[in-house]
Amino acid sequence: MSSPIVSLSHVNFGPSNTLILDDISLDLEAGHFMGIVGPNGAGKSTILSIITGRLQPDSGHIDLFGECLKRFNRYRLLKNIGYLHQLHDYTPNLPLKVRDIVAMGLNDYTKPLWQWLGSASHQHKDIIQALQFVEMEHLIDRDFRHLSGGQQQRVRLARALVRKPKLLLLDEPAAALDSNQQQKLYTLLRQLCDTQDVAIMMVEHDIAAITGHVDSVACLNRSIHHHAMKGEQIPEDVWHQMYGQHMHVIAHDTGCIGCHHD
Amino acid sequence: MIDMLEQFFTSPVMQDALPPAFFIAIVASTMSVMILAHRLSFLTVGISHASLAGLGLAIAFSLPLLPTATVFCVGIALLLAAIPKQRGISEDTGTGLLFAGSMALGIVLISQVSRNEVDLFGLLFGNILTVSEQDWHWLLLIGCIILFAFIMMARAWWSIAFDATTAAASGLPVSLLRLLLYGTVGLSVVMCVKLAGIVLTTGLMVLPATCAWLWGRSLISLWLLSMSFAIIGTFIGLLFSYYYDWPSGATIVLTLCIMFIMSWGAAWLTQRNK
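Line by line, the protein sequences give chains S and R. Reading the first sequence from the start, the letters are residues 1 to 262 in the numbering used here. Reading the second sequence from the start, the letters are residues 263 to 536 in the numbering used here.
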């Protein structure tokens, strides 16, 4: 059996009296689509930052693609990851065409200038393909700054996809999209998992919107309160025992079990 | 008119001054693109003023001027790249602090030397007409290092300027690259100080790409445009400074400013007519 794409074991992060992440363990197999839900400040984005090595966990162990994530192999391992961070983290101010932005996702983008000139044609094919996937290929020569929020978001997704990652880490990818576009996006992601065996870890706050698409949902609030597989039913008394209040387990909604403080 | 140009090109002063002036313009306009993309214009103000302390040290201890200033500027630039985030001081505060401190140190050091030993006016406002053979070799060396660094890392720097978080998450050593960027900016500031002087360096480092920003739509086009603006600005500036006997650095910066206003007006007009 092949090793999981991501494996976190007993990861802790934050000062010991106010842990941000408390003893997180989870595995993600190839082709698996996992949703992470939880309230604000639950540590959802922190998990993604730890997997990309931007934050160091205080204790615990992370395996990526079967290798232990360390300082020295980090840059190599990250080349197989597509990452989309939260929208508010960034403000584009550079005059750039859509095609240039997607090209930034390519692993050989940062090569010296003269090497880039030689390899433009096969890159062009990859860029078109990624843009087609998010239905943006007709805007390839537009200035990125003149696009709408939803269009920008789809271009950024294309940038994460163009490197053909084995693992996609998405932080609220649907934030700027209307509900129609959201469902389209989730369908696209589902397709990636099924046809290309990509593993996806997606942080999202709207559980109801994603349940139809994901393979499992992890309810996170400091620690993982529950990891439900698709169609899985959890005995209600377990929840009563854990939280002591009435919960709807099957129908994930905003009142999700994992999303309440105990 | 032809006579005028011929006289300009054949004058011995200009024959000495033109190659370094154009070389500096090319290097400065190259880094200018990155300075705008990373919003480092205040950093160039800080480093150029800090170079006065480097020059002061060189004069006080009779060390070679340009090399000492180079080491000092790069040191200051790297310090500014490394310190602020760890100590909780914002970057512009750190820059302002070092800028004032090293300027003060420079003034104290230079005041100790008798006046006719130091061309203070030349240091502050630049004097490309007094480039010695040694200076020229030194400028060539650091200019080539800067251009090489740019060609090697331009795309990585560009990618970081666009979105540092994603760049870091997709496997770029962002802090190292940023350190190298600051160091390279420090080097280019030293070169500009020779042409435009401490006070006007920022103009030379910021204006070319600012003109190009209105027209360029990609890294390469911005770079080429920025260089063209800088070369034309330097040429016209030197021409005027030669004929009217104006200070060369100031005239070049003034020309670039006028070019920016014209470029801005043209961009505004084309956009309105669309």
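Calculated directly from the structure, the hints in this document are not laboratory data. Yeah, the Cβ is synthetic: ideal placement off N, Cα and C, and Gly gets one too. A few of these clues could be false.
[Claimed, not checked] Only some residues are given here: those of chain S computed to face chain R with a beta carbon under 7 Å:
#1 ASP63
#2 ASN73
#3 HIS85
#4 LEU94
[What the hints assert, rightly or not] List time: in silico SDA-like cross-link candidates among lysine to any residue, alpha-carbon distance up to 20 Å:
#5 LYS166/S - LEU19/S
#6 LYS97/S - GLN123/S
#7 LYS111/S - VAL436/R
#8 LYS97/S - ILE372/R
#9 LYS97/S - LEU438/R
#10 LYS97/S - PRO435/R
#11 LYS111/S - GLY337/R
#12 LYS166/S - GLN191/S
#13 LYS70/S - LEU476/R
#14 LYS79/S - SER480/R
#15 LYS79/S - LEU476/R
#16 LYS166/S - GLU67/S
#17 LYS184/S - GLN196/S
#18 LYS111/S - LEU476/R
#19 LYS111/S - SER437/R
#20 LYS79/S - PRO435/R
#21 LYS70/S - PHE424/R
#22 LYS97/S - LYS79/S
#23 LYS97/S - LEU476/R
#24 LYS111/S - LEU438/R
#25 LYS97/S - ARG440/R
What hint numbers does the structure not satisfy?
Result: hints 1, 2, 5, 8, 9, 10, 11, 13, 14, 15, 18, 21, 22, 25 break, sorted rising.
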